[in-house]
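Protein chains: 2
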Amino acid sequence: MQTDVLITDVGPRDGLQNQSRILSPAQRIALIEQLIAAGVRSIEAGAMVSPKAVPAMAGSDEVIASIATRYPVQLQALVPNVKGYQLAVQAGAKAVLFVICASQSMNQKNVRLSVEDSLLQLQQILQLATQDQVEVLTCIAVAWHCPFEGKTPVATVSQLVTQLQRLGASQLVLADTIGAANPASVRHLLQVIVQQQDAALLGCHFHDTRAMGLANAAAAVDVGIRRFDAAIGGLGGCPFAPGATGNVATEDLVMMLEQMGLRTGIDLAALCQVGTFAGELTGQCTGGRADRWRQLQLAAQQPLY
Amino acid sequence: MQTDVLITDVGPRDGLQNQSRILSPAQRIALIEQLIAAGVRSIEAGAMVSPKAVPAMAGSDEVIASIATRYPVQLQALVPNVKGYQLAVQAGAKAVLFVICASQSMNQKNVRLSVEDSLLQLQQILQLATQDQVEVLTCIAVAWHCPFEGKTPVATVSQLVTQLQRLGASQLVLADTIGAANPASVRHLLQVIVQQQDAALLGCHFHDTRAMGLANAAAAVDVGIRRFDAAIGGLGGCPFAPGATGNVATEDLVMMLEQMGLRTGIDLAALCQVGTFAGELTGQCTGGRADRWRQLQLAAQQPLY
Numbered sequence: 001m002q003t004d005v006l007i008t009d010v011g012p013r014d015g016l017q018n019q020s021r022i023l024s025p026a027q028r029i030a031l032i033e034q035l036i037a038a039g040v041r042s043i044e045a046g047a048m049v050s051p052k053a054v055p056a057m058a059g060s061d062e063v064i065a066s067i068a069t070r071y072p073v074q075l076q077a078l079v080p081n082v083k084g085y086q087l088a089v090q091a092g093a094k095a096v097l098f099v100i101c102a103s104q105s106m107n108q109k110n111v112r113l114s115v116e117d118s119l120l121q122l123q124q125i126l127q128l129a130t131q132d133q134v135e136v137l138t139c140i141a142v143a144w145h146c147p148f149e150g151k152t153p154v155a156t157v158s159q160l161v162t163q164l165q166r167l168g169a170s171q172l173v174l175a176d177t178i179g180a181a182n183p184a185s186v187r188h189l190l191q192v193i194v195q196q197q198d199a200a201l202l203g204c205h206f207h208d209t210r211a212m213g214l215a216n217a218a219a220a221v222d223v224g225i226r227r228f229d230a231a232i233g234g235l236g237g238c239p240f241a242p243g244a245t246g247n248v249a250t251e252d253l254v255m256m257l258e259q260m261g262l263r264t265g266i267d268l269a270a271l272c273q274v275g276t277f278a279g280e281l282t283g284q285c286t287g288g289r290a291d292r293w294r295q296l297q298l299a300a301q302q303p304l305y
Numbered sequence: 001m002q003t004d005v006l007i008t009d010v011g012p013r014d015g016l017q018n019q020s021r022i023l024s025p026a027q028r029i030a031l032i033e034q035l036i037a038a039g040v041r042s043i044e045a046g047a048m049v050s051p052k053a054v055p056a057m058a059g060s061d062e063v064i065a066s067i068a069t070r071y072p073v074q075l076q077a078l079v080p081n082v083k084g085y086q087l088a089v090q091a092g093a094k095a096v097l098f099v100i101c102a103s104q105s106m107n108q109k110n111v112r113l114s115v116e117d118s119l120l121q122l123q124q125i126l127q128l129a130t131q132d133q134v135e136v137l138t139c140i141a142v143a144w145h146c147p148f149e150g151k152t153p154v155a156t157v158s159q160l161v162t163q164l165q166r167l168g169a170s171q172l173v174l175a176d177t178i179g180a181a182n183p184a185s186v187r188h189l190l191q192v193i194v195q196q197q198d199a200a201l202l203g204c205h206f207h208d209t210r211a212m213g214l215a216n217a218a219a220a221v222d223v224g225i226r227r228f229d230a231a232i233g234g235l236g237g238c239p240f241a242p243g244a245t246g247n248v249a250t251e252d253l254v255m256m257l258e259q260m261g262l263r264t265g266i267d268l269a270a271l272c273q274v275g276t277f278a279g280e281l282t283g284q285c286t287g288g289r290a291d292r293w294r295q296l297q298l299a300a301q302q303p304l305y
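Residue numbers (this note's numbering), protein chains in the order written: chain S, 1 to 305; chain W, 1 to 305.
A few of these clues could be false.
To be verified - Taking lysine to aspartate or glutamate and the DMTMM-like style, the derived pairs with C-alpha atoms no more than 20 Å apart in a straight line are: (1) Lys83(S) - Glu62(S); (2) Lys83(S) - Asp61(S); (3) Lys94(S) - Glu116(S); (4) Lys94(S) - Asp132(S); (5) Lys151(W) - Glu258(S); (6) Lys151(S) - Glu258(W).
To be verified - If you anchor each label on the Cβ, the simulated ranges turn out as follows: (7) Glu33(W) - Phe148(S): 34 to 44 Å; (8) Asp267(W) - Glu62(S): 20 to 30 Å; (9) Arg263(W) - Ala37(S): 45 to 55 Å; (10) Asp4(W) - Gln163(S): 32 to 42 Å; (11) Tyr71(W) - Asp267(S): 50 to 60 Å; (12) Ser158(S) - Asp4(W): 26 to 36 Å; (13) Ala155(S) - Thr276(W): 34 to 44 Å; (14) Ser24(S) - Gln297(W): 31 to 41 Å; (15) Phe148(W) - Thr162(S): 50 to 60 Å; (16) Gln297(W) - Gln163(S): 46 to 56 Å; (17) Ala155(W) - Ser170(S): 38 to 48 Å; (18) Asp117(S) - Arg292(W): 27 to 37 Å; (19) Ala37(S) - Glu62(W): 37 to 47 Å.
What the hints assert, rightly or not - If you only want the chain S side, here are some residues facing chain W, beta carbon under 7 Å, derived: (20) Ala184; (21) Arg210; (22) Gly283.
By construction, these hints were calculated from the structure, which means they are not laboratory data.
Cβ atoms here follow ideal geometry from the backbone N, Cα and C, with glycine treated the same way.
With the hints as extra help, turn the sequences into a complete structure.
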């Protein structure tokens, strides 16, 4: 199916890593299978991090191995360093997401490395990935705002993009890790970055902390972005970033983009049911709001509009 | 205080007209007084409609008289016809909102008049208002989508704007009555209308039915709109439009606009408390989401970002 936008559901990773209820690999595999059945073609399936630091991601290798051998989807694992990369590849991942923060404080909290040391890790990963034919996406976390250092200067992100490009990182994701961006700041940063980086190779990752997840995504669409992270049911929150709450809900993003005439390849009704399943698994009231509208339509027994 | 955006809280009218619990005039006056205390300077206080058709708006004259004599705010009453206008002026309203629909079906359902007959009513109101020194705002309802006729053609709205301007209606509000607009359709319609009508005299009214209220407002800001309707607590829904749910919440809109650097003159913390009060009065879980973020900040005992 031809699509206009690529949505990566990061629910099985970003969505679950901070939940009070820890899901087993089998439960996470079931969630991913439902996402695939709803038409999701890109999924962040786990994180190759210490199970002591992030217990919810234990068994990510098992999750990745199970899905990678059975479904032809784009499956990525979050990796903080070379060791994580190696574990991801051993599990069968064909794509990895390397995270680097736009502030020193957040990078230290997140991976206990300076930004410079993270760049060295990435350099090694990129060399290995060329040999292994593994795709590397690089996420610039706290690209708009850091919970420890405040607003991230646009120049800081721009310089980091230049450094990443020099290393050969071709696919970048700008993340509003704590949900502190707004449509004006999204537009402002992206208008600078798309001068440096082909918009087709640039994704955005928004959280809905301040209810602006969709508004920020719409601003990014307007600047030309066509790759987005989202989490089923609006699950999410970063264990190392105070105040961070759920990702923008995949079902809400799909609803908006499809209404805007952008094809996602995802079945919204099926996706809403996956949202309900995610809520049952986690025991959390999900943050997705598309389902309310779908229920209104069902109650009216006709397409309302 | 200098402000960049004028927000009209339509909660006491649009927010309450479709609630299962009917509030007394005294309760509505208390809600309006709290809005004023939080810094809201423009309020839609009631509707001059038949109490049989809309029981929740009974006693709107009492509400308007009480507020108009005591507070120097911009207070408007919704009027469907000349009779409603006369009642509003008798009650002491210095501004009225006349509603006309962009589709014949919705106009019939709403006021039992053809669009042409509504235009004749408006013509008389505008003549009377000049003598009375009363301000007239004209709301074009279902400007994006009609629950009976589907998508509203841009040309239909554009032609109606021309007709309204010929009658001398200088202040217009475009309403997404059922919350079916999206950031692309908002941008598309507004880019046409701002060619006809000074953006400074053009407002937007969004509902959050599909969770796109803020995204639509951000798109409108980008086109140059600086006047918005919103309802405290995200209350709302039209009794004659199937599937319509709450207005965009005033506290969410204030949060977004202030974050975007646009001054509203409204105290967000105080406004969130009014949202809680609105929830208590109506017995409804409110749709406003700004308060969740405020609670996170309070829990962290520091400004998070």
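Do the hints match the structure? See the list:
| no. | hint | result |
| --- | --- | --- |
| 1 | Lys83(S) - Glu62(S) | 17 Å, holds |
| 2 | Lys83(S) - Asp61(S) | 13 Å, holds |
| 3 | Lys94(S) - Glu116(S) | 26 Å, violated |
| 4 | Lys94(S) - Asp132(S) | 9 Å, holds |
| 5 | Lys151(W) - Glu258(S) | 15 Å, holds |
| 6 | Lys151(S) - Glu258(W) | 15 Å, holds |
| 7 | Glu33(W) - Phe148(S): 34 to 44 Å | 41 Å, holds |
| 8 | Asp267(W) - Glu62(S): 20 to 30 Å | 51 Å, violated |
| 9 | Arg263(W) - Ala37(S): 45 to 55 Å | 48 Å, holds |
| 10 | Asp4(W) - Gln163(S): 32 to 42 Å | 37 Å, holds |
| 11 | Tyr71(W) - Asp267(S): 50 to 60 Å | 51 Å, holds |
| 12 | Ser158(S) - Asp4(W): 26 to 36 Å | 28 Å, holds |
| 13 | Ala155(S) - Thr276(W): 34 to 44 Å | 41 Å, holds |
| 14 | Ser24(S) - Gln297(W): 31 to 41 Å | 35 Å, holds |
| 15 | Phe148(W) - Thr162(S): 50 to 60 Å | 55 Å, holds |
| 16 | Gln297(W) - Gln163(S): 46 to 56 Å | 33 Å, violated |
| 17 | Ala155(W) - Ser170(S): 38 to 48 Å | 44 Å, holds |
| 18 | Asp117(S) - Arg292(W): 27 to 37 Å | 36 Å, holds |
| 19 | Ala37(S) - Glu62(W): 37 to 47 Å | 57 Å, violated |
| 20 | Ala184 | 4 Å, holds |
| 21 | Arg210 | 5 Å, holds |
| 22 | Gly283 | 19 Å, violated |
Violated hints, listed in ascending order, are 3, 8, 16, 19, 22; each of the other numbered hints is respected by the structure.
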